[in-house]
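Trainee: Sequence:
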Amino acid sequence: MDRFKLKGLLILAVLIVGILFAAPSFFGSKGVPQGWIGPKEKIKLGLDLQGGMHLVLRVVADKAVESRMNSTASDLKAQMVKQRIHYSSADSDSPETLRIVLRVPDDYGKLADLIRGGYPYLQEADRSSKDGTMTVKYRISDREAAAIRSQAVEQALETVRNRIDQFGVSEPSIIPQGGERIVLQLPGVTDPERAKSLLKNTAILEFKLVDEEHSVQDALRGNVPSGSYIAYMKDGSQPILLQQRAVMTGDLLDDARMRIQSTYHEPYVEISFSREGGRIFERVTSENTGKRLAILLDGKVYSAPVIREAISGGSAIIEGRFTDEEASDLAIILRAGSLPAPVEILEERTVGPSLGQDSINQGVVAMIIGGLVVIAFMVVYYKFSGLIADLALIMNVVLIMGALAVLGATLTLPGLAGIVLTIGMAVDANVLVYERIKEEIRLGRTAKMAVDAGYKNALPTILDANITTLIAAIVLFQFGTGPIQGFAVTLSIGIVASLFTALVLCRWIQEWLVNYQKIERVSI
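Per the numbering used here, residue 1 is the first one in the sequence shown, and the count goes up by one each step.
Any given hint could turn out to be false.
Using C-beta positions, here's what the derived DEER-type ranges look like [said to hold, decoys possible]:
id, residue 1, residue 2, range
1, F477, E309, 53 to 59 Å
2, V373, D464, 25 to 31 Å
3, S88, D235, 36 to 42 Å
4, D235, E309, 26 to 32 Å
5, D165, D464, 26 to 32 Å
If you're looking for bench data, these hints aren't it; they were derived computationally from the structure.
Note that the coordinates shown come from a computational prediction; the quantities given were computed from them, not determined experimentally.
Quick reminder that beta carbons are idealized off the backbone N, C-alpha and C, glycines included.
Please work from the sequences and hints to get the whole structure.
Mentor: Shown next as structure tokens:
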């Protein structure tokens, strides 16, 4: 087989693959012929075409600062005990301040040294003495508070992205806006309430021992023992007395998966810990055999089973009479990690699929009208060669649709505009080539020589024009946001497809006509 025929077979193979991948998008996954051997996945549509949710979230970053001050206060208490600093209280006075009451004012020097050495971000804001005690107020520095807020937003952005990815939304748009806002576009979401619940849960997982030495009823009457507090089961029905200190937290979690019980066929969540978490969990269960260990998420008790024996292997289960969706969402939240601060939904818009269908219909009409005008012009002006260019134009659209399907790219309304623009530009390379061929024919060249010279002379100009446009499209994709990226994707694919159809497909057909059909005059 000579090189020319091999080239023709390769071109045919590319076109067939393009048709196989594009067919479901044109006819629907159910509209392809019986026994269809190709893929059945359609092109994914963006929010503006298939509908979905548009959300604007605000990260309550002040809560991250408050959480940092609470953890600092807890750690500071332990350090003051070690340093023999006599204090009566050490608590957050406000989200950004810490109030320490010293029972022995002479311990102020040791406290100041402790703060300077271990907590340099705390600045003394006030100091006063009364009734033999000293009250010292510390305030977190503005620089540290700003860093905590910025880190909280960045971590929240990553956590939201992980949750959305695991939720299964195709091509979501997740964009930071301003200092504390996140803009979300979720195409194809049909259950808005479930999506909002998935995004808003902070997912702080804790393991706490049940206080079984004191009465829950006494605690409900106001006699809460020191170091314990009252919590409630997930449904809010049953109070339970828990120890304040968490023996483990969710930061040691490695994985979480929904499982189905083999006996009662009820869903539950199986969690596995990291190596360090597995060791801690085994130690906790071995030291507290016979006691109840409560599993809490965002302060609500999901289950409180009795520890029958030491649990090794680094795994546990969370039961709570879940539905399948609740168990699946809980596993997603735990895998993606907890939010560093709560998020609020500032704006919510639902885009209906009918609006998207109208956009698709208008885009298709624009493509058809633009395509018919281009086809008519090429046939009238370039005769049979124009017909070849029109064939290449049709295959160009097919290849674009096939490429979008195989790459899993999302087609948006600006993406449709990119396809319409590509249709107008697709024949540009053919026009340059055909004008060169005309020049060669006017110089008295044979059909074979005119075709060879036409493509050879037009190639540098065609490459220059298309490569510069492709570079611009790549820059748009790299630095643009959702709609701009959708335009850049279809434009980039369209440019590559246009180069293939104009410089490879059309040239092969023209060379086949002059070399194998021995035509003496090019219809152009």
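Trainee: Per the hint of 26 to 32 Å, is the separation of the Cβ atoms of D235 and E309 within bounds?
Mentor: Because 29 Å falls inside the window, the suggested range holds.
Trainee: Just to be sure I understand the hint, the distance between the Cβ atoms of S88 and D235 should be within 36 to 42 Å; is that true here?
Mentor: 39 Å, holds
Trainee: Against the range 53 to 59 Å, how does the distance between the Cβ atoms of F477 and E309 compare: consistent or not?
Mentor: At roughly 56 Å between Cβ atoms, E309 and F477 fall inside 53 to 59 Å, so the hint holds.
Trainee: Assuming the hint says 26 to 32 Å, is it satisfied by the Cβ distance from D165 to D464 or not?
Mentor: Given a distance of about 40 Å, which is not inside 26 to 32 Å, the answer is violated.
Trainee: Could you check the hint for me, namely that V373 and D464 are 25 to 31 Å apart, CB to CB?
Mentor: Given about 26 Å between the Cβ atoms, the range holds.
When held up to the earlier numbered hints, the structure conflicts with hint 5 and nothing else.
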